[in-house]
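Novice: Okay, here's what each chain looks like letter by letter:
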Amino acid sequence: MSITYVDAIREAQEQLLKDDPRVFLYGQDISRFGGAFKATKGLADAYPGRVLDSPISEDAMVGMAIGSAIDGMRPILEMQFADFSSVGFNQIVNQAATHFYRTGIPVPITVRLPSGGTPGSGPFHSQSMESIYAHYPGLVVVTPATVSDAYQMLIESVALDDPVLYCEHKFLYRWLKAPKIDHDGLPLGRARITRHGRHATIVTYSAMVHEAVRAADRLQQESGWEIEVVDLRTVKPLDMDTVLASVARTGRLLTLGESFPWGGVTAEVVARVCSEGFHLLDAPPKRLNSRDTPVPYHPNLWAAHRPTPESICIAMRELLSF
Amino acid sequence: MSITYVDAIREAQEQLLKDDPRVFLYGQDISRFGGAFKATKGLADAYPGRVLDSPISEDAMVGMAIGSAIDGMRPILEMQFADFSSVGFNQIVNQAATHFYRTGIPVPITVRLPSGGTPGSGPFHSQSMESIYAHYPGLVVVTPATVSDAYQMLIESVALDDPVLYCEHKFLYRWLKAPKIDHDGLPLGRARITRHGRHATIVTYSAMVHEAVRAADRLQQESGWEIEVVDLRTVKPLDMDTVLASVARTGRLLTLGESFPWGGVTAEVVARVCSEGFHLLDAPPKRLNSRDTPVPYHPNLWAAHRPTPESICIAMRELLSF
Amino acid sequence: MLEARQLETKLASLYKAGKIVGGVYLGKGQEAVSASLGGSLKWKHDVFAPLIRDQGGRTAFGEDLLDCARTYLGSVEGPMRGRDGNIHRGRPAEGLLAMISHLGAAVPVVTGMLLARRLKGELDGVVGATCIGDGGTSTGAFHEGLNAAAVEKLPLVVVVANNQFAYSTPNDRQFACEDLYDRAKGYGVAGHRVDGTDFLACLRVIGGAVASARAGGGPQMVVANLLRLSGHGEHDDGSYVPDTLRAGHLGQDCMDVARQQMVDSGYATAEEIEGWRSELEDRVQRALAKAQQETKPDPWHETWQACSQNPALPFEA
Amino acid sequence: MLEARQLETKLASLYKAGKIVGGVYLGKGQEAVSASLGGSLKWKHDVFAPLIRDQGGRTAFGEDLLDCARTYLGSVEGPMRGRDGNIHRGRPAEGLLAMISHLGAAVPVVTGMLLARRLKGELDGVVGATCIGDGGTSTGAFHEGLNAAAVEKLPLVVVVANNQFAYSTPNDRQFACEDLYDRAKGYGVAGHRVDGTDFLACLRVIGGAVASARAGGGPQMVVANLLRLSGHGEHDDGSYVPDTLRAGHLGQDCMDVARQQMVDSGYATAEEIEGWRSELEDRVQRALAKAQQETKPDPWHETWQACSQNPALPFEA
Ligand SMILES: Cc1ncc(C[n+]2csc(CCOP(=O)(O)OP(=O)(O)O)c2C)c(N)n1
Ligand SMILES: Cc1ncc(C[n+]2csc(CCOP(=O)(O)OP(=O)(O)O)c2C)c(N)n1
Ligand SMILES: [Mg+2]
Ligand SMILES: [Mg+2]
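Protein chains in written order, with full-length UniProt numbering: chain A, 1 to 322; chain B, 1 to 322; chain C, 1 to 317; chain D, 1 to 317.
In case anyone wonders, no lab produced these hints; they're calculated from the structure.
One should not assume that every hint holds.
Stated by the list, open to error - Examples of chain D residues lying across from chain C (beta carbon under 7 Å, computed):
#1 43
#2 140
#3 150
#4 151
#5 175
#6 179
#7 183
#8 188
#9 251
#10 252
Stated by the list, open to error - In silico DSS-like cross-links for lysine-lysine, where the CA-CA straight-line distance does not exceed 30 Å:
#11 38/A - 185/C
#12 41/A - 180/A
#13 153/D - 38/A
#14 185/D - 153/C
#15 16/D - 185/C
#16 16/D - 41/A
#17 18/B - 153/D
#18 38/B - 16/D
#19 18/B - 42/D
#20 19/D - 41/B
#21 16/C - 177/B
#22 42/C - 38/A
#23 16/C - 38/B
#24 153/C - 18/A
#25 185/D - 16/D
#26 185/C - 38/B
#27 153/C - 41/A
#28 120/C - 18/A
#29 153/D - 38/B
#30 38/A - 19/D
#31 19/C - 177/B
For each residue, glycine too, the CB sits at the ideal point set by N, CA and C.
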């Protein structure tokens, strides 16, 4: 028996529906159909009236979730793809993000964003938007990389009074499996040391955690380098304590992410490490992101657009040779 | 005789309408009324049929501008406030930004974004969105800080084949004056050294250039520090040559911006200076942004939300004391 | 509605005197529409999302005068504590939403609140209402929100105050249908039309729409025709409105019509109304005076926290 | 339309054989509607923004078979050079737009192209057309775009292919009006209704709408009722569509209807049609075979440039 990443998301929603009458699900094709990725399969039957199909109206979907949250509910909104949240952008960044600051009334919505690239998905079904939403005060942005985190962080996101963008990586949906949900007790907002090492630190999140570990394994095998991998888990807030402690141990930093190269998580982490822990660095920090184009469609191009174990190893060798 | 920043924007549009039959203006209340800030005053009468009032439909406005550009026009779109471009976000980042990469056909639209805070404008009429749009491949983001740049960069934005977000700062509209338009020949994409110095560099853009210069003057008067101020002029692309050359001379870096603190221009500049010019730094780099809340309404709060000469001086003294 | 007019007249002169923090947007000429809506709703029971010209509706719904006075005069005691201002004020926990500027954005939010009531089993006899301008109907938010409310058959009442202009933009640059009322059918919602300058008609039609929604008749859309008798904001002279329009039927002041209607129907005498007016003027004056003396927001006492307290999260300071 | 069906049947089997790069979304059952639209438009003269079920319209408009074959089979010679795929292909310079995925987004873009024509004085006799699904009508983009086209009175034709479902979502969770046709009046555009399974009716009504727009009749909205005879994509079995619906009138295959209509009207004999079919099968086969042999995109030859060349700009590499 094993459970996949997307199953964990489904089970978390089932648990939430079971435990908390304030929870309901809203999204396109999530009811009887169970969602484009089957993340809500069977839930409509088990919880009638609490798993609702929405029209193709992302702006209204977010607005309605916000209204229901103001009125005491805990909606979980499924975007069919993260990319379509661009249509609900205004409600997310201007209504949800500002409401608590303006009125003192929190807006506990959780917006599930199926994120990241898969081969053949193209420019509009592959986007990683964590770097966009994290810019806005008032939003919490979480990016689970493991099966247990997918479960646990969804439970905690819904428990949080603030609006959460829950970025789930489509590439991990069925590929990532665990024997069972087994959480190590880290709360939302804390990073995890996924792999210990002492020669350099890779700070990353979501699917790239696995690519980083692959690269680290390879560097160890091939050259004996011991690379530490930090999984941020939430990109806003950022757990700088864990990041700085790791950099203090290793003296070398690569930040790694799948979103576009200008700004974003990798820039924020480098900027904060350099401002807050400049003296810890023995070498210039490095960044690795996707390329500065839309996500290409053809798998040949896609594979070269995002960071890979190969490109991570190249960057790490440069970093280590400094 | 003198010309204000908003007049320069108006004159550039007049010149463009005169010189280029492909240019037309589209936006809310921009025709006979001349726009909420009078940036198009008189143009509808002078160029009948080429200055069009739009419905309150930012998404369609951007979409229509894109269509017209695909068909050979050079539209200039006025958003009534940058904040409302959130409604047109999808067309900007998914249609305009990707079109050239996908099809090989460029989309020469210029979207004017009245940006930045003024006292009493509140959370929805004060935003600085350059950090959001700059994240997206395929977009050019310009942020003029002077009257002559306001003019010249608008002319060049329209000449560019790629989509440009032209971020004009509302605080500068009437406050900033110059005897005449007098351009130093710097092309789009090049930064300017606004003030020379040798003890530290402030990298900034838009209205914050003026706050930086004020702070620098004060530091010079009070303590003899000579601070260099670099005006990025365009935040994407970033002129790292000029930035790195300045940091090479001074060894100390503060990045300064008015948008929200997570990610954005200040993070990108620090991250790139640290990756590309780590050895140039004699002290940890510093960043100064607005605070991590929506832009508050009351002038007392607003003035403490954005960086001021006072807060810049404090940050600079810390930087210089290192 | 009389209170609203008194209040706004006072605000306009305070604005001219430079005493107001931020802009002033008035509902002058739209009070009959707005108050008919607000007055049909119950405080802490229904949901009301006012827009920029809804002082009339706010007052009628039950908003405290002081909330208004404090926000305009920048008192930290106001419901928004200086963080947001004036027309953006609200008390969401009491059912009075605090608008964001983006037009149309309130439509799905009210809808969502009604959906919450249904899910909680508390929808019975509840109405959610919002106003929007002719210009606001062009937003995708209006369309998506109204459509979603119709699909859910929720008791949403949308009142379109068609004052013929959106800022300076006339109806013919805003939409091409003959009457915005024609849109109701396309959403599958009940449609109504009313002369927005006629107080009794507003009471009847808008009150009727609210009653229908309350009784389970599903979403309602009311289109009220009128003119605003002020500029877009107090910085604007509204000179783009043609004199012929001002001189015509839509240009009549709903307050005058209402006064006449009350007198004619024997509801009140001219003297009684004058009495109310001066009493209200007094109340307005007192509220403004109180607010003016209160503390202003102070950045040193501001928490600068955009997220609600959550000790479990290592939030950045 | 016959070609489209041949092509798509082939694509479906290639998909099952794992030979296709990315997803496959078919227009099976929607060819009569789509081809009636595409066939009324002139290549390099009009503008056409197809959506996911418009192979019929693409072919009829004049798109080269090879463009399709190359995109599905991942040839770098295709119009999108591997950067975007399949249904997203287009040739904007020839008037065939390349859709983004976001539903509704094409409506204002076509409108903008028509506006450009007007500004250039080249609008005479030009039409811009796009298709949208029942689900797509719920987007703000559709509303804002159609409204803006109506305000500008541009010759836009929007064909709503109401196939009763948006992915799995039935009409009654998508909108609450009786007929989407009822929306036309609310936008002030001419409305039309047609049985989308009836080829001759489609030719008449959709062709008529295009002719009206071309003749200066302003924006047109056609609602066609039909069913898709495939899943949402080839990964989907469409089992949420009730059998009764499939067995009813809407479930009939427009291709069968068209064949019968051609034969009945004496336009062609059954043998002639069969002849076309096998000839087209051949052409489709050849195009696919050619594309299959072509070079695939190579990251080392890709420019990785999102902006057009501009030497004046110090763009980041
Ligand atoms: C999405 C959006 N775009 C632009 C604006 C700027 N704006 C504020 S009020 C206004 C005019 C509104 O007109 P209407 O809806 O008719 O209401 P009225 O002012 O006439 O009452 C505009 C364009 C806005 N608030 N929101
Ligand atoms: C804005 C947006 N939201 C969600 C989607 C995902 N999506 C793709 S096709 C589809 C269903 C479309 O239904 P409809 O418009 O009726 O067209 P049909 O597939 O029935 O032809 C959905 C939800 C999308 N493409 N765009
Ligand atoms: Mg109006
Ligand atoms: Mg459909």
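Novice: All the hints need checking, so say for each whether the structure fits it.
Specialist: Evaluated hints:
no. : hint          : result
1   : 43            : 30 Å, violated
2   : 140           : 2 Å, holds
3   : 150           : 4 Å, holds
4   : 151           : 5 Å, holds
5   : 175           : 6 Å, holds
6   : 179           : 9 Å, violated
7   : 183           : 4 Å, holds
8   : 188           : 3 Å, holds
9   : 251           : 25 Å, violated
10  : 252           : 28 Å, violated
11  : 38/A - 185/C  : 35 Å, violated
12  : 41/A - 180/A  : 19 Å, holds
13  : 153/D - 38/A  : 44 Å, violated
14  : 185/D - 153/C : 22 Å, holds
15  : 16/D - 185/C  : 44 Å, violated
16  : 16/D - 41/A   : 24 Å, holds
17  : 18/B - 153/D  : 26 Å, holds
18  : 38/B - 16/D   : 60 Å, violated
19  : 18/B - 42/D   : 34 Å, violated
20  : 19/D - 41/B   : 59 Å, violated
21  : 16/C - 177/B  : 26 Å, holds
22  : 42/C - 38/A   : 42 Å, violated
23  : 16/C - 38/B   : 21 Å, holds
24  : 153/C - 18/A  : 26 Å, holds
25  : 185/D - 16/D  : 44 Å, violated
26  : 185/C - 38/B  : 39 Å, violated
27  : 153/C - 41/A  : 26 Å, holds
28  : 120/C - 18/A  : 15 Å, holds
29  : 153/D - 38/B  : 27 Å, holds
30  : 38/A - 19/D   : 25 Å, holds
31  : 19/C - 177/B  : 28 Å, holds
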